[in-house]
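There are 2 protein chains.
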Amino acid sequence: MPIKRKPKVVFIGAGNLAFSLAPAFHNAGFEISQIYSRTRNSAQELASKFLTSYTTKLESIFREADVYVICVKDDAIKKISARLKLPGSLVLHTSGSTPLKSIEKISETIGVLYPLQTFTKAKKISLKKVPVLVEGNSSKSRSAILKLARKLSDSVIPVTSDDRLKLHIAAVFACNFSNHLYTIAEKILKGSSVKFSLLLPLIMETTKRIETNSPANVQTGPAIRDDKKTIRRHLTLLKKTDPKLATLYKLISSEIQRTAAGK
Amino acid sequence: MPIKRKPKVVFIGAGNLAFSLAPAFHNAGFEISQIYSRTRNSAQELASKFLTSYTTKLESIFREADVYVICVKDDAIKKISARLKLPGSLVLHTSGSTPLKSIEKISETIGVLYPLQTFTKAKKISLKKVPVLVEGNSSKSRSAILKLARKLSDSVIPVTSDDRLKLHIAAVFACNFSNHLYTIAEKILKGSSVKFSLLLPLIMETTKRIETNSPANVQTGPAIRDDKKTIRRHLTLLKKTDPKLATLYKLISSEIQRTAAGK
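As you go down the protein sequences, you meet chains A and B in turn.
Each residue of the first sequence is one higher than the one before, counting from 44 in this note's numbering.
Each residue of the second sequence is one higher than the one before, counting from 44 in this note's numbering.
Warning: the hint list may mix true and false statements.
Claimed, not checked - Straight line, CA to CA, 30 Å or less: simulated DSS-like cross-link-like pairs of lysine-lysine: (1) K306/B x K166/A; (2) K293/A x K282/B; (3) K49/B x K272/A; (4) K194/B x K92/B; (5) K190/B x K49/B.
Keep in mind that the hints were calculated from the coordinates and are not lab data.
The task is simple: from the sequences and hints, build the whole structure.
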């Protein structure tokens with residue numbers, strides 16, 4: 044009886060996402076054949092985890108893999124697509140906002156595998172609980188990608204390019220932009236006797252609340268109460284210390300009031 | 044041996060905060076003597092929890108209580124201060140952004156008791172774990188307020204009016220404004236095949252990360268990467284669907300880049 048060989052995967056890119064995805068592919072029974080990155084250190088570091096080879100040259104990428112996973116910055120996907128031909132292989136990109144057709148010249152079997160989570164090299168996150176959005180350019184590639192994605196995650200959702208873009212924008216507002224608001228809070232408290240960490244219970248309560256409520260229904264604060272006196276006090280201080288923060292405060296407050304008015 | 048009588052407290056205001064504070068005072072050994080609110084239903088509902096009396100008239104507020112806790116909207120504090128005289132009693136307001144001196148005409152012993160949490164009537168939150176910021180107008184009132192606050196919470200922090208205002212602004216950015224960003228995310232996904240709840244793991248991971256990191260050090264997303272292509276794609280869609288969201292997206296993105304540049 045022939046032993047079934049492990050499917051081979053090559054990672055193109057060795058950033059935060061590749062550092063989370065490669066172990067997930069490995070655990071799902073894939074052989075990590077090669078790591079490509081323009082940055083030698085990153086390629087080497089990730090390859091060493093799987094005792095596999097790496098390259099910093101696009102033309103040295105192995106041709107015999109079953110799957111290629113593109114994990115480079117969104118800006119770089121197009122450049123790579125112009126220079127890489129991998130006919131016969133399944134080629135996936137992992138970007139939230141890049142249309143599927145951006146990689147259509149690379150292979151006839153292409154798709155998207157977009158894990159909806161924020162990854163850092165330092166912190167391991169199991170992909171099993173992360174929603175993974177998938178897309179394919181044909182029914183054949185769709186079913187191959189679905190099968191593959193279900194080995195990685197318990198929550199696989201087929202989407203269109205349009206809905207994936209909407210989701211990516213929503214994630215930028217909900218996560219990247221929220222994190223910047225935490226950064227602003229920390230900045231405001233600098234030089235005061237109060238530490239940022241004091242805000243953590245309040246931040247946790249705010250997110251806990253939206254697990255069971257629509258955020259629109261649990262909005263609190265001076266803007267939704269139209270508490271002009273408080274808003275004025277806040278703006279007076281912000282204008283003195285950092286006028287750009289006053290501008291942002293005014294804009295978000297007026298957006299809260301516009302939303303409440305149903306506009 | 045005389046039985047020591049329970050200290051008496053009157054609540055002025057019967058909103059979300061009073062509904063959380065009154066039970067905390069009750070559990071800490073206070074007698075809830077009376078509830079005042081302009082809104083009869085609220086006053087009655089809160090009073091009924093302690094089988095106590097209520098009034099909707101400022102002039103009918105009992106004069107013999109030891110402590111008065113003002114829990115009205117920030118806008119209403121000044122109006123009440125102008126009409127109420129409670130000499131000899133400890134009078135506290137509970138607002139994050141109102142200066143202590145706003146209530147100086149009411150009594151010679153005044154202070155602030157500001158619980159740093161967001162309260163709703165529906166959801167009970169134990170005050171024990173909530174940071175409570177306190178302020179007093181004299182060493183006598185400060186020590187009385189500290190003693191009182193420590194019965195309510197394990198985390199009592201004396202602050203100045205200035206630092207309390209900074210903290211309140213920081214809380215508005217970190218919590219009220221973040222919640223509005225969740226509302227925007229929900230809005231963007233309306234009409235797509237993707238549900239807002241799909242974003243929850245990502246939102247939770249974002250807040251978990253700042254428990255152990257400065258938010259400035261864990262910023263992710265297209266703005267911090269200066270990923271112009273993604274930003275352009277996002278703005279194109281937002282301009283078509285809701286131009287005001289495009290304005291907000293641009294402003295927060297440029298603020299993220301300004302912060303990263305250390306300006």
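**Hints violated by the structure (listed by number, smallest first)** = Number 3 - this is the single hint that the structure violates.
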